[in-house]
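Numbering (the UniProt record's numbering), first residue to last: 1 to 273.
Just so you know, the hints here were simulated from the structure itself, not pulled from any lab data.
Note that CB positions come from ideal geometry on N, CA and C, so glycine has one too.
Accuracy of the hints is not assured; some may be wrong.
[As the list claims (entries may be wrong)] With a straight-line cut-off of 25 Å between C-alpha atoms, the simulated SDA-like cross-links for lysine to any residue are: (1) Lys261 to Glu271; (2) Lys261 to Arg250; (3) Lys261 to Val251; (4) Lys261 to Thr242; (5) Lys261 to Gly166; (6) Lys261 to Met249; (7) Lys261 to Glu272; (8) Lys261 to Ile248; (9) Lys261 to Leu247; (10) Lys261 to Met126; (11) Lys261 to Glu125.
[As the list claims (entries may be wrong)] Taking CB as the label site, the calculated pair distances span: (12) Glu69 to Glu265: 26 to 34 Å; (13) Arg179 to Cys62: 50 to 58 Å; (14) Glu188 to Arg145: 47 to 55 Å; (15) Leu70 to Gln13: 20 to 28 Å; (16) Arg179 to Ala158: 54 to 62 Å.
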Amino acid sequence: RGYASLFVDCFVQVLAFSNFLIFALATEGLVRDTFEAIKWAPGCHDYVETASWCALLCILVCRAVGAQELEDYRRWGSGGSWRYLILDDFALVDLTALVLTVLSYTLCWVRYSNFIWFTSIRGIEMLSRRGHAIEVRGLGDEFHRESQLLFSMFAIGACVWVLLGGAFFLLNHDNDDTRWRYAIMDSESWQRMGSVPSSMFFVLLNLCKKNPLSHAYPSPDQRILVMIVNVVAVPIFALPLTTLGALIMRVALTEAARHAKDEEEEEEEEEEW
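Whole structure, please, built from the sequences with the hints as guidance.
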């Protein structure tokens, strides 16, 4: 609570973003070789990650012990710590980051594998507790009430994505203008629409950003498909995000009205005194 809680919250965010920064520098060879000032990143990455892992583990243990005093976990006694680790969403994120980091070292997945930056999501909790963001619980309740609408919107978006991914594969798998000139596979340029998964990936980019998938579409059916995507499919695909935005705005307005009402009541009480 108080300044101690604020210090821990800020410290966790510093850990998360510093790990992400050094992780990015350690994995980006082109930038690292260009700038002499960041050539130290690969050598320091493991030390920063290990120190951050130990600090995050200590903080999580302290949170779990302190959870026994919280109203939601107090009645469970010493078992409240375990329930906190299992039921709290942000604690699960911390556990995931810690476990994945250990597994990456023991199983040697990649040379540089850093998952500590997952804990940056605790910034949402920090802002919510200090009244600077939408209450997460209120947002969750709103999503629960509108679950059917959200499910329908995301189902529509998924159907549009799958259908267009297959359609682009059928109509463009032999289109020379969808090849990448600088990506050579088997002594020839890589065909972006050469498989359904690859087509779905680039269709997703197109649905989100309206970027053209090809420099030229020689056949009429290819041109018609592009017209359908940009005129019909892109607006439909945007419905889920639009719905999410509307729900978040509704929660924000509700919270603002509630805070304004509380302030008015406090002012009235002060005037009465």
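Hint-by-hint comparison with the structure:
A distance of roughly 15 Å separates the Cα atoms of Lys261 and Glu271; the hinted pair therefore holds under the 25 Å criterion. Distance hint between Lys261 and Arg250 is fulfilled; the C-alpha atoms sit about 17 Å from each other, no more than 25 Å. At roughly 15 Å between alpha-carbon atoms, Lys261 and Val251 fall within 25 Å of each other, so this suggested pair holds. Of the pairs offered as hints, the one joining Lys261 and Thr242 is violated, with about 29 Å between alpha carbons and a cut-off of 25 Å exceeded.
Using a Cα cut-off of 25 Å, the hinted pair Lys261 and Gly166 is violated, with the two alpha carbons roughly 53 Å apart. Straight-line distance between C-alpha atoms of Lys261 and Met249 comes to about 18 Å, which keeps the hinted pair within the 25 Å bound. Simply put, Lys261 and Glu272 have alpha-carbon atoms about 17 Å apart, close enough for the 25 Å limit, and the pair holds. Our distance criterion of 25 Å between C-alpha atoms is met by Lys261 and Ile248, whose separation comes to about 20 Å.
A distance of roughly 21 Å separates the Cα atoms of Lys261 and Leu247; the hinted pair therefore holds under the 25 Å criterion. Distance check on the hinted pair: Lys261 and Met126 sit about 23 Å apart at the alpha-carbon level, within 25 Å; holds. A C-alpha spacing of about 24 Å is found between Lys261 and Glu125, which places the hinted pair at or below 25 Å, so the restraint holds. Range check, Glu69 to Glu265: Cβ separation about 29 Å, and the 26 to 34 Å hint holds.
Separated by about 56 Å at the C-beta atoms, Arg179 and Cys62 satisfy the suggested range of 50 to 58 Å. Distance hint for Glu188 and Arg145: a CB-CB separation of about 54 Å, consistent with the stated range 47 to 55 Å. Restraint check, Leu70 to Gln13: a C-beta distance of roughly 22 Å satisfies the suggested window 20 to 28 Å. The hinted range of 54 to 62 Å is not satisfied by Arg179 and Ala158, whose Cβ atoms lie roughly 28 Å apart.
In summary, the structure is inconsistent with hints 4, 5, 16 from the numbered list given earlier, while agreeing with the others.
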